[in-house]
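K.L.:
Here's the letter readout for the chains.
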Amino acid sequence: MLPRRFCHCHRARLQFLSTRLIGQNVSGDQYDVIVVGGGHAGTEAAAAAARGGAQTLLVTQKLSTIGTLSCNPSFGGIGKGHLVREVDALDGLCGRLCDQTGIHFKVLNRSKGPAVWGLRAQVDRLLYRSAMQREVCATALLNVREASVEDLMVEDPDASRPGLARVTGVRLGDGAIVLGRAVILTTGTFLSGSLKFGTSSVPGGRLGEAPSVGLSLSLSELGFTKGRLKTGTPPRIRKESVNFDKLEVHHGDERPVPFSFMNAEVAIEPSQQLLCHLTYTTPGVEDVVRDTLAANDHVQQDTKGPRSLHLAVRPSRAQYRYCPSIESKVLRFPGRAHQVWLEPEGLNSELIYPQGLSMTMPVEAQVALLRHIPGLEAADIAAAGYGVQYDYLDPRQLHPTLETRKVQGLFMAGQINGTTGYEEAAAQGIVAGINAFLHTRSLPPFTISRTEGYIGVLIDDLTSLGVTEPYRMFTSRAEFRTILRPDNADQRLTERAYHQTGCISGARVVTARHIASRLSEGISLLKSLCLSSYRWKQLLPEVGISQERSGHMR
Amino acid sequence: MLWKRISKLRTVLGVLNRKVPSYGRFKPRHFCSVPPVGQGHTIFALSSGRGKCGVAVIRVSGPASAFCLCQLTRMKQGLPPPRTAVLHSISDPNSGELLDRGLLLWFPGPQSFTGEDCAEFHVHGGPAVISAILQALGSLPGLRPAEAGEFTRRAFQAGKLDLTEVEGLGDLIHAETEAQRRQALRQMAGDLGHLYQTWSHTLTRALAHLEAFIDFSEEENIEDGVLNQVDNFVRQLQMEIHSHLHDNRRGERLRSGVHVVIAGEANAGKSSLLNAICQRPAAIVSPIAGTTRDVVETALDIGGFPVLLSDTAGLRDTHDIIEKEGVRRTRERLEQADLTVALLDVVGLLEASNKLTHLLFSFLEDLNVRQKQQCILVLNKIDLLHKKELNDLHCALKKEEDLPTVCWLSCKTGSGIEEFLRVLRAELEILCGNPLLGMPSLTQARHRSHLHKCLEALGLYEYYKRADMALAAEGLRSALASLGRITGKVGAEEILNLIFRDFCIGK
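These protein sequence lines map, in sequence, to chains A and B. Just so you know, we're using this note's numbering here: the first sequence kicks off at 1 and counts up by one. Just so you know, we're using this note's numbering here: the second sequence kicks off at 1001 and counts up by one.
These aren't lab readings, by the way, just hints derived from the structure by calculation. Model, not experiment: these values are computed from the prediction. We put the CB at the ideal spot given by N, CA and C, even for glycine. A few of these clues could be false.
Stated by the list, open to error - Which residues of chain A face chain B? A partial, calculated answer using Cβ under 10 angstroms:
1) 109
2) 110
3) 112
4) 118
Stated by the list, open to error - Interface residues of chain A toward chain B, partial, derived using beta-carbon atoms under 7 angstroms:
5) 78
6) 115
7) 474
8) 481
Bound conformation, chain A alone (with noise of 0.2 angstroms):
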């Protein structure tokens, strides 16, 4: 499945790894940057100032969660592929990782134009982890270590810029004290996060792992204004369990498109793909939700409106527009088929994920609700569906470059700022790197505007609109959407990053300017081309030619 050379030295790897480790639990360590998180934006902020140059350390809870799915098994989509394609095109790592890692592999909106295209993967939950947790190790000046961050440590501001304090490190959860001169926060969900079953509500930042308090403590007393959101993930289940007979089949494309200008194709046989199936609640699905209601504190809190822990950001609306939950939809939009999609979580793996059902009702309630949606009579539950709900950082307190604008050299990217999936947390995280790295050495920043990438659209409205509800990418939100398409990301962002930031290695602007060349060629060929208006009609008569300038040569 995977390229040969990356098993081959795994191993090694592992072990690099490990000593790497030893003799880091001595206070007072240095860095240049701190990441603190290991998920999507986490792995893209530490990977990109390491590109740049800068000493790097990723503190993560646990170790083996960096890289982890938490939620879909999937990349990208109609707006969030653009972004995996942009953080690509600064050489970032999600997309070479989905195109190794990715078991089912579909381009959206073939039909509707190129500059809407949605690149979109399923990719194998467990090889995308250790795919991630392998190029970590093996990227240079890149250290990581397992410890919770407790608080910020912070000291009078640099006059020469604005704000009102500087960050000098994190003290970790043993007490010690590890120096950095830029600090990016990418904690997730995990900001005083808590699980919802039901009415009963547990402090974790995803099943089973503790949430981060001290942090969310330490960043109230600097003065950041914080807000309360919740998502929330559907149950797990198992494979055999499903009847699929029955079901809507979807496949893979015959031919993948990769994510990543660097491949020219994905790892996995086109014919291997794993297959998708598609299936519709039943109005047995709206009754179940009706009945348990009481029984289901998220749901309605959803319908008073997202609380705030401090004072509300902006009036906020009675609900977040996009449904977040199987509940929301049908009590929303009641008498309808809503889709559910039955994903395949891996190669190896025996679960199920059904995209469309994420739910926060008692588990006997999810059971019973399973029952109603046809192929999934029999469905057997491995993991129930839960919310959780987290504090976020009003993101109007950032600047562009997505430093905060009180305490200078820390950065936030993430879910931290209000966003919602892996691909908005990428885009943030590398944004975050390479800016965390430039501010180490003095250099000016280096940020996208509207005009220019999906990832300028996504800071610009979080940085200058800030969000009520978790901030998710459309192509619609671009006003520049025909140009920002998703196969010219690496001509519009990889030369000016390369030349910038320094935060691009070679190969990757060697292949830019080896498409932008190929480019030109190809473009002044059909430029050379040039027939009458009749010639082209003989030539291509399936074509419609306009006759109102016939007779130009064209």
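Given the structure of chain A, go ahead and fit chain B onto it with the hints provided.
P.N.:
Chain B only, in chain A's frame:
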């Protein structure tokens, strides 16, 4: 006084929200302290006309308005009650010297024209009084003279008026005839802006549906038929904008004046007709053919409609260089004419009675008259004909159905002039429309050009909708932007709001 009148009108029209939170009788005194810096400048200007007059109105708008009221009046008990005229002495804030006694008005924001705190001084309209008060205002900290149109600009920025309403206000101030006033008032009340906003909403809806189809149709349930709906929205909009644009420039004509051109052969009596309409000797008249060599223009109010009446040089072949130029100018005028008054000497007609029809039509063709609606055929010098001859001509012309309205008159005796003016008024009404009936008219070339762009963009949608959805949506986006440019409102977030209201979209 003009401003007061407008403000009164606005109140009547309900543009101002009249549910004003009561401030009690007086504002607290601390309001009279020097306003904090950095809140933006406070501006002032003479708002009534220049020159000696009974009353002059000086307006102040901005955060320091209360401060300057206090400084100029030295009121002991604070500010006057909101929106109530108070007679008070006005004195120089530095020397304390009495400048005038006048009415003061205090409009606390946001219930004011500009949305900011405003004050008005109604003082005696002598140039010395006005300049003394303006000087006193200019000496206060944080105050500066307003730039042209700055009050209205602030009102626009505060969302009190949209762009069409601003234009309506401008037109109202410049309205010279009754019909112009009616049209401007209607536009200022927001009728036109409302029409454009309705379109804007339709378009936003269409765009939202298309965007939903692009962003969600493959992963979520977007009902079939969404695209058909978009098609219907767009088609309906195209039709409405099209008919709005093809109103024969009624509104624009009414706003800028109808071009009426008197043309005809030399010595037919064109200048005499002009003088008869103006009721003054505006143009030189003589029995010599070719007296008028240049275009003579007069602005007139005919039945409430603004008319720019041009008398032109007679059309004839000539070797005189000056007259040649005159004929060229006549032709140029005829090109731009909204209404042509084609003038013929009735004696000439009588002489050519056997090929009357041919003569008339070649004459009209020569004048470049395309539709009979745009022309009035005037037969002058009926005083030179006998009754019987006249009757014969009448009968002969009645048979011709394709002729424009015919008026028989004599500039010399004045007979038939009244009837001619009645016909002229009727034609003007057709050209300008009744500003109070039907859809509000398009009044500005600016609107026309944006609407054309909007239509063009909708055409792009039609062109691309089967081939490339993103490009089709781009057409709708730029159509929406063109509409937004007319009223000055372009919304983006509202599209997403609509998407999420109308569709069920999952995570």
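K.L.:
Mind checking the CB of residue 481 (chain A) against every CB in chain B and telling me if the closest is under 7 angstroms?
P.N.:
6 angstroms, holds
K.L.:
Grab the minimum C-beta distance from residue 110 (chain A) to chain B and call the hint holds if it beats 10 angstroms, violated otherwise.
P.N.:
With a closest approach of 9 angstroms, the residue 110 (chain A) hint holds.
K.L.:
Can the hint on residue 112 (chain A) be confirmed by a CB-to-CB distance to chain B that is less than 10 angstroms?
P.N.:
Interface hint status for residue 112 (chain A): holds (4 angstroms vs cutoff 10 angstroms).
K.L.:
Less than 7 angstroms between beta-carbons is the criterion; does residue 474 (chain A) satisfy it with respect to chain B?
P.N.:
Hint holds; residue 474 (chain A) Cβ to chain B Cβ min 5 angstroms, cut 7 angstroms.
K.L.:
Please verify that hint: residue 118 (chain A), Cβ, nearest Cβ of chain B, below 10 angstroms or not.
P.N.:
7 angstroms, holds
K.L.:
Quick one, is the residue 78 (chain A) hint okay against chain B at 7 angstroms, beta carbons?
P.N.:
With a minimum Cβ separation of about 5 angstroms from chain B (threshold 7 angstroms), the hint on residue 78 (chain A) holds.
K.L.:
Identify whether the interface hint at residue 109 (chain A) stands, where standing means a beta carbon of chain B within less than 10 angstroms of its own.
P.N.:
The hint holds - residue 109 (chain A) has a Cβ within 10 angstroms of chain B, the shortest such distance being about 6 angstroms.
K.L.:
Hint residue 115 (chain A) vs chain B: min CB-CB distance below 7 angstroms?
P.N.:
4 angstroms, holds
Violated hints are absent here; each numbered hint is respected by the structure.
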